[in-house]
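Once you've looked at the hints, dock chain C against the given chain E.
There are 2 protein chains.
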Amino acid sequence: MTDLQTIEEMLEKCLPAASEGYGLLSEAMRYSVLGGGKRLRAIMLIESFRLFSDDRELEKYTAHPFACAIECIHGYSLVHDDLPAMDNDEFRRGALTTHKRYGHAMGILTGDALLNYSMELITRAGEELEKNKPDYYMDNMRNFMHAARVLFTNAGAFGMIGGQVLDVEGFGDERVPDREMLATLCELKTSKLFEAALCCGAILAGADESAVSLLGDIGRLMGLAFQIRDDVLDVTASFEELGKDIGSDEKNNKATFVSLFGLDAAKERIGELYGEMKSKLEVLPGDKTAFENLFDKLFMI
Amino acid sequence: MTDLQTIEEMLEKCLPAASEGYGLLSEAMRYSVLGGGKRLRAIMLIESFRLFSDDRELEKYTAHPFACAIECIHGYSLVHDDLPAMDNDEFRRGALTTHKRYGHAMGILTGDALLNYSMELITRAGEELEKNKPDYYMDNMRNFMHAARVLFTNAGAFGMIGGQVLDVEGFGDERVPDREMLATLCELKTSKLFEAALCCGAILAGADESAVSLLGDIGRLMGLAFQIRDDVLDVTASFEELGKDIGSDEKNNKATFVSLFGLDAAKERIGELYGEMKSKLEVLPGDKTAFENLFDKLFMI
Chain E
1047 MTDLQTIEEM LEKCLPAASE GYGLLSEAMR YSVLGGGKRL RAIMLIESFR LFSDDRELEK
1107 YTAHPFACAI ECIHGYSLVH DDLPAMDNDE FRRGALTTHK RYGHAMGILT GDALLNYSME
1167 LITRAGEELE KNKPDYYMDN MRNFMHAARV LFTNAGAFGM IGGQVLDVEG FGDERVPDRE
1227 MLATLCELKT SKLFEAALCC GAILAGADES AVSLLGDIGR LMGLAFQIRD DVLDVTASFE
1287 ELGKDIGSDE KNNKATFVSL FGLDAAKERI GELYGEMKSK LEVLPGDKTA FENLFDKLFM
1347 I
Chain C
1047 MTDLQTIEEM LEKCLPAASE GYGLLSEAMR YSVLGGGKRL RAIMLIESFR LFSDDRELEK
1107 YTAHPFACAI ECIHGYSLVH DDLPAMDNDE FRRGALTTHK RYGHAMGILT GDALLNYSME
1167 LITRAGEELE KNKPDYYMDN MRNFMHAARV LFTNAGAFGM IGGQVLDVEG FGDERVPDRE
1227 MLATLCELKT SKLFEAALCC GAILAGADES AVSLLGDIGR LMGLAFQIRD DVLDVTASFE
1287 ELGKDIGSDE KNNKATFVSL FGLDAAKERI GELYGEMKSK LEVLPGDKTA FENLFDKLFM
1347 I
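Chains as they are written, first to last, in our numbering: chain E, 1047 to 1347; chain C, 1047 to 1347.
Derived by calculation from the structure, the hints in this document are not laboratory data. Please note that the accuracy of each hint is not assured.
Any copy, or any two copies together, can satisfy a pair, since identical chains are not distinguished.
Stated by the list, open to error - Here are the simulated DMTMM-like cross-link-like pairs (lysine to aspartate or glutamate), alpha carbons at most 20 angstroms apart as the crow flies:
| no. | residue 1 | residue 2 |
| --- | --- | --- |
| 1 | K1146 | E1215 |
| 2 | K1300 | E1233 |
| 3 | K1084 | E1103 |
| 4 | K1106 | E1174 |
The shape of chain E in the complex, shown without the other chains:
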């Protein structure tokens, strides 16, 4: 499986040095992205690429910058979600949230800078591919553009951001959301970026449409299982284990899979989803050990 340390190093290198730029912005960008995290989306993207291609040069010029970009997008979404007007969280990954550490305005601007940076990374990678590998460029530019479109569509108003809108606006204090609403919310807020990770990796490696579509399905199942797992951990784990405030869903009066289904049924559902994603994985080509290990690690709880 893609080494977590390799991804950390890739991210460290791709982000601007803390001393560069204006005020504390570069430092805050690094603080927000490099402060730990499982790098699930980056790993999924790279491993999805590897199911369809063993061309490590192409991987370096395409899947790696996309992996960094998706971590920047994930990072910005956390920074903005934590803001006082949103979830108003003080801790993340065992440390102060970005706005708590750098101030409210900087929280907004750091998130903006990270989202923008994801686009800088991808367009710069496109230019470098053209300059350094003109033969690859002609063959792969179409996939490159397609993957970029998929990534930003999934991250945008009809994907992740749409989910955050529903989360903030749709679930008022008075209103109890039902199971269907919760599923839609999770589909958008969590699954869309998981789906993007798996689809982008496959598209960049030149996978055909049916394989990309199957990976999209797996991404959606993973997103759902991951969100249920998150809700379970919010009630069963400690602050030390989680690195953030526990019981924050309850505090924010948020409906979760646990509050709606109960703890046991939530855990059971993770098991079912785990089975479904494993059986879908079987249809795909390549060495699937990395994904099997990832599923086991995340969803055998």
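Just chain C, lined up with the frame of chain E:
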């Protein structure tokens, strides 16, 4: 000159319909971008393209989506600048600011969605170019990717967002900024996007490096002159003329070109910059009437 109404229609069409998507997000995106405005950046981008190319098909597939994208970027930056943690403004273009109208959380998310949408527009345009005009695609993809990189670099941490960081963090209430700081701030906050507009248009039309560089210079001069003009209007115009709170710089205890240089010297400086940009324009090819008219309209005050 590019018709303002044409650009309005282009923007209306490119943004999601108000009824689409989640909650009031699409409506708020439209509210934030379509509420008037001079569309300077879109006009500059398209007119810059036309200096170097009269291929209206290529313009449609490249300069038009870029023009919409840059207006989305400009729009998001205004929405986030107006937030309570930033300038805390209540009015913009004669109407309530986005967060005043749709709430604080929606202000943040609408800005995010617009920035993200700019990349959706560009990547979708890249895909459409490839699908509908494969011959153009092979010839122009390099310029397309280069222009996208320039746009997001200028909009990002080392461009516009960096300027906003300096504006929020660098100019505390206690500290009086000097002329050099003010120039840097304007260079980043305003000029970078003007520069991007002119450079992107030229790059998309296949202009050579020296022409692109000259347009970058003109963009910087225009940005500076435009900011000085804005500072002048902030003290001389009425709410009705301006469509936003007047005297807001003074209210926020912000140093401006007027507070540092005085009103007369500020106006004089606009005149000097106007002369400089006109003499640079002369070196460029093509029909420059549109730019001459634009300079006259904006800077003959």
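Results of checking the hints against the structure:
no.	hint	result
1	K1146 to E1215	between (23 angstroms within a copy, 15 angstroms between copies)
2	K1300 to E1233	within (16 angstroms within a copy, 44 angstroms between copies)
3	K1084 to E1103	neither (25 angstroms within a copy, 46 angstroms between copies)
4	K1106 to E1174	within (11 angstroms within a copy, 26 angstroms between copies)
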